[in-house]
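2 protein chains.
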Amino acid sequence: MTYSVKFLPYNVSVEVDDKESLIRAAMDAGVHINASCGGGGVCGKCRVLIEEGMVEGGISEHLSREDQEKGYRLACMSEIVSDLVVRIPVESEIETSRLNVHAGNRHTAKIMYSNIDELRKDGMFAPPVEKIYLELDSATVEDNQADVARIINYLRLKHDEHRLTMGLALIRKVSDILREGDFKVTVTIVRPVRKDGQNEIVNIEPFDTRDRNFAIAVDIGTTTVFGQVLDLQTGEVLAQQGEFNSQISYGEDVISRIIFAEKADGLDILHQRVIDTINKILGMIIKKAGIGKHEVTTITLAGNSTMTQLLLKINPSYIRRDPYVPASIMYPPFHASEIGIDLADHTIALIFPGVSSYVGGDIIAGIMASGIYRTDKLTLYMDIGTNAEIAIGHKEWMVCTAASAGPAFEGGGVKFGMRAIKGAIEDFSINPETYEPMIITVGNKKAKGICGSGLITLAAKLLETGVIDSRGRFNRTLGTPRIRQTDDIWEYVIVYKENTQIDRDIAITEPDLDNLIRAKGAMYGAVLTLLEEIGLTINDLERIILAGGFGSYVDLESAITIGLLPEIEPDKVTYLGNGSLLGCKINSLTNALRRDVAKVVNMMTNFELASTPSYMDHYMGALFMPHTNLDYFPKVKARLERLHK
Amino acid sequence: MTYSVKFLPYNVSVEVDDKESLIRAAMDAGVHINASCGGGGVCGKCRVLIEEGMVEGGISEHLSREDQEKGYRLACMSEIVSDLVVRIPVESEIETSRLNVHAGNRHTAKIMYSNIDELRKDGMFAPPVEKIYLELDSATVEDNQADVARIINYLRLKHDEHRLTMGLALIRKVSDILREGDFKVTVTIVRPVRKDGQNEIVNIEPFDTRDRNFAIAVDIGTTTVFGQVLDLQTGEVLAQQGEFNSQISYGEDVISRIIFAEKADGLDILHQRVIDTINKILGMIIKKAGIGKHEVTTITLAGNSTMTQLLLKINPSYIRRDPYVPASIMYPPFHASEIGIDLADHTIALIFPGVSSYVGGDIIAGIMASGIYRTDKLTLYMDIGTNAEIAIGHKEWMVCTAASAGPAFEGGGVKFGMRAIKGAIEDFSINPETYEPMIITVGNKKAKGICGSGLITLAAKLLETGVIDSRGRFNRTLGTPRIRQTDDIWEYVIVYKENTQIDRDIAITEPDLDNLIRAKGAMYGAVLTLLEEIGLTINDLERIILAGGFGSYVDLESAITIGLLPEIEPDKVTYLGNGSLLGCKINSLTNALRRDVAKVVNMMTNFELASTPSYMDHYMGALFMPHTNLDYFPKVKARLERLHK
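Top to bottom, those sequences are chains L and Y.
When you read off a place in the first sequence, starting at 1, and then add 404, the result is the number in the working numbering.
When you read off a place in the second sequence, starting at 1, and then add 404, the result is the number in the working numbering.
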């Protein structure tokens, strides 16, 4: 159910979901309300008047009984349960024309083959691991062919299955299983990537078990590991769970993990840690889904090249050393239990292939999930993080690269930076006349710090209101106490300590902005470099796909304003969410993806920025917000001129 | 060097090798010399006069100085070192016309592709596991493809190698090996059976190791395991060794092994025992050959279906139970170390496929080695033993069966039966007038017992001289003390106790002959049954191939005389020796055999005698020597009539 909320005196409306908080609705509408605590009614500043309709909550000691009776509520504590007309008390004369209206609701990607019905319709719903039920003739003296031969011959004759093989471990069990099931059995077959490859029978169960056939998809992030259980009959996600990658105590980023892996036992330890994390998740999601371990036929895993090598216990040392060589980009299917994954012996593990040391299986999974390789449209695929991976192309060709952006997008190198967990400032607005802030935190808790997407919005809003210039320097002349110098460093105070969880003023500093600019410069510079290498320009891009946890939360307009993303129509930008997990999911449902992925990996040209001379120029040019060359950002340029006039 | 030896007064000559013993030369010439101790000058009866030429040895206390000076020697102690004319002292008037002349020297099989030069000439010398040397470009930032991809791409471009895969265990080592060898490495590739199958890279070594490439062939007999080391550059056998299968303490035959395997831990124990035996042999032959374990790229193993399943730790229970179903007839290649074979992790084990529970990989190996499947000639292939396996066919089709002959051929169920080890009576002649024996033992030692091939010759000679009738009953009226009744059982004393190692008279009894007749009846009956099932007769056979240790030693004419083998010209019979080991050897040298063997196994029709009604009639008809129907044996019939007239 959705409601319409109209904000007066600006006469701006927004559609919101049932129970949405009123302050988030205001932020979405681009309406500024002074609100500097993050929610929970702490500061009491976000007073609004409900003129029509009703909200739940919003009552606070900060409001007098009289005000309450008039209809005043605290926006941060009010849940929307009807259409509303809300008046913002005018504390200063801001022209409505100066409001920044948001890009609108974030939309999720249209993902090819993301649901089973589409796959079924296209005849593509054929998982890499399938079950077939057989009613065999019992053995007699007249027909006493070997047990394995009986199965293979039947599959050949009745199911047109060829090039079948079976491993020793299963052959050991076949005779007893056949007799347990009175020669009625279900076989599990792993499909080959190449059409003329071998079909390996990996399991045989007595009787008909086709309706108990499940897959697991796992995204192994440097920070977080996500797993989900899929029903291979329906394509449904039955359970999912994310956990911190417990390698994290040996280093936050891939480089420090590699350095640790180079120590004695380091590789074994990191391998075991990620396996432990995966097993922990498996335990939870298998229980939640109500299935048995032995009913899982396949597990697809994707991670960056370092995560993949650590998962497989492959020395990642050469990844970090010039000339940055991964051990392999493709891996054969294997039995998950071989690397310690706590699944049945017959469960097959499929590893997403990568392209290079810094464009790994997680990116390829996302690219496959997004379907870029099937479209005509020139698409820019970006996974923004400490290491930003970028791919450009369409069904004819594809190029990729990775840029080291530094940790700013994940809250690192930022004085009050933090992950996007409860209390992190994730959205921000500023009164262009009083320079008072409005903040929204994850979970509506008192503020603790600033997460990556919050940082970008902060920078954009500060730039738009002239609080900072294009190089991230504060305007020292605005006369607000929030802009100040502490220990020789200029900063803007977002939340005063009494409204925080940390009992310190939360501020954004010039060094923070420097880090952010370098991070976004690295990314934008990489995009320009890639485009130049293939003889195209930024204007040729027809579509942008943003992947990754960060990509899912970043405010599009802010990202364009600071020059992180190329200027493009909002409706040409797609948020993919966790592309890596999505790719694993789709791979679990259709073997066609495995065939395609080999093609994609082979057609992908990888550029190492370190050995691409033009990169340094493009990087330097991008160290301004939005860019040295404002021709790349005509709309931002126009808006900034209008706002600053 | 060979010499000619002429025996007087019979005027019979024979060609013998240098240092052959004179008594064996006489036996080969069909000349009877009373000699009942087995050799070593014990009984002193084999006095002969050297009329021309010279021998070494032969002097004994049994000869007076005067006799020695005249030229008398003991035949059993004389080694032939020149052409000879030897006179046998006439102790009785035997007409030379009544002498049985042997079939002549035993000939070895002409084996297809038994040596590397023939294979090379035909372009077939391409082992299932090959080494290729690569000089790769070192990685640079401009060319930093993944290490595995670098190898695979190079093989694709420079060696036209396709469909390459590599397992996880090797991928883990690739990066370090590449750098250790400065990007000069030797890869080991396992070839597929199907031409369009996958080529698996199983090992990578720094630098050029092509000249260190060895294979191992292993025949796993129920009784004995043989192994040999092959140089894959030259095809030479570098070392070989046989050892008793140490499963033997859990039962002599396959049925008792299966029964043991059905007990708790029984399968594990038998599996471990045969692995221990194999590892013991490997230790010896690898040392003898002067190679390293890691230089062995492949090990090919063949055994009967029970031996194969015990080797692979597969419950053999259903093999012995109606309807006699083996778990599988084909097995995939795997890493030898997986089943505990003490070779490097990269060494690939190839298992010879079988056809049924009682026609196993050992027989198929022999059939492949013999090349039957390539010829036009209708061939009977027999592996004679406790379980006799029989195949008939040529390049167009093939049928097979197995007959349970009982242990008589291996010395079981025979009062003084023993294996063909030192002291076993292996050859026998009888004076047709005095009924005094001439025996030859393995190793020319004092007699201990009778081995299978000796038993057949004994029975044939006793039949020819009328000592027994066609049902194996002794003629009670011959007046020799050697034919006597002991404990109600009639027997013929071959060696009196003073000339034995066992201080007991060694005799052959009527129950012994009964067992022999049943054993040969089972085999011959099986041959007739197979022929009848395919609409042919015994006269259609154009060639016989005898395999197995027993087949290599049996005297052809004796075997025909008792009706064990069909009557056929001696030059149409080929002795293959250990066909199983030979098949493994050839399989190590050419991958073509693996492609062919799949075809052969698929074209082979197996008959279970238990479910073939005509078998019982054929068996009953064969319970006479040579047979109820003497038309099957026209020459034997004629000879017996002549001898008995």
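Just so you know, not all the hints are guaranteed correct.
The list makes no distinction among identical chains, and a pair is therefore deemed to hold if it is satisfied within one copy or across any two copies.
What the hints assert, rightly or not - Cut-off 25 Å, straight-line C-alpha distance, at most; resulting in silico cross-link-like pairs (PhoX-like, lysine-lysine):
id, residue 1, residue 2
1, 826, 562
2, 535, 577
3, 667, 577
4, 599, 1003
5, 423, 819
6, 850, 717
7, 562, 976
8, 1039, 599
9, 717, 577
10, 1041, 819
11, 562, 1003
12, 667, 599
13, 799, 1003
14, 1049, 697
Treat the hints as calculated values from the structure; they're not laboratory data.
Here is what the structure says about each hint:
1. 826 / 562: Result: close neither inside a copy nor across copies, 58 Å intra and 58 Å inter.
2. 535 / 577: within (17 Å within a copy, 35 Å between copies)
3. 667 / 577: Classified as between: cross-chain Cα gap 17 Å, same-chain 42 Å, threshold 25 Å.
4. 599 / 1003: Intra 13 Å, inter 23 Å, cutoff 25 Å: intra and inter.
5. 423 / 819: neither (34 Å within a copy, 98 Å between copies)
6. 850 / 717: neither (42 Å within a copy, 65 Å between copies)
7. 562 / 976: Classified as neither: same-chain Cα gap 49 Å, cross-chain 45 Å, threshold 25 Å.
8. 1039 / 599: This pair counts as neither: shortest intra-copy Cα distance 50 Å, inter-copy 61 Å.
9. 717 / 577: between (30 Å within a copy, 10 Å between copies)
10. 1041 / 819: neither (29 Å within a copy, 110 Å between copies)
11. 562 / 1003: between (32 Å within a copy, 21 Å between copies)
12. 667 / 599: So residue 667 and residue 599 fail the 25 Å test inside a copy (43 Å) and across (45 Å) alike.
13. 799 / 1003: Within one copy only: 10 Å inside, 43 Å across.
14. 1049 / 697: The answer is neither: 65 Å in one copy and 82 Å across copies each exceed 25 Å.
Checked against the numbered hints given earlier, the structure breaks hints 1, 5, 6, 7, 8, 10, 12, 14 and satisfies all the rest.
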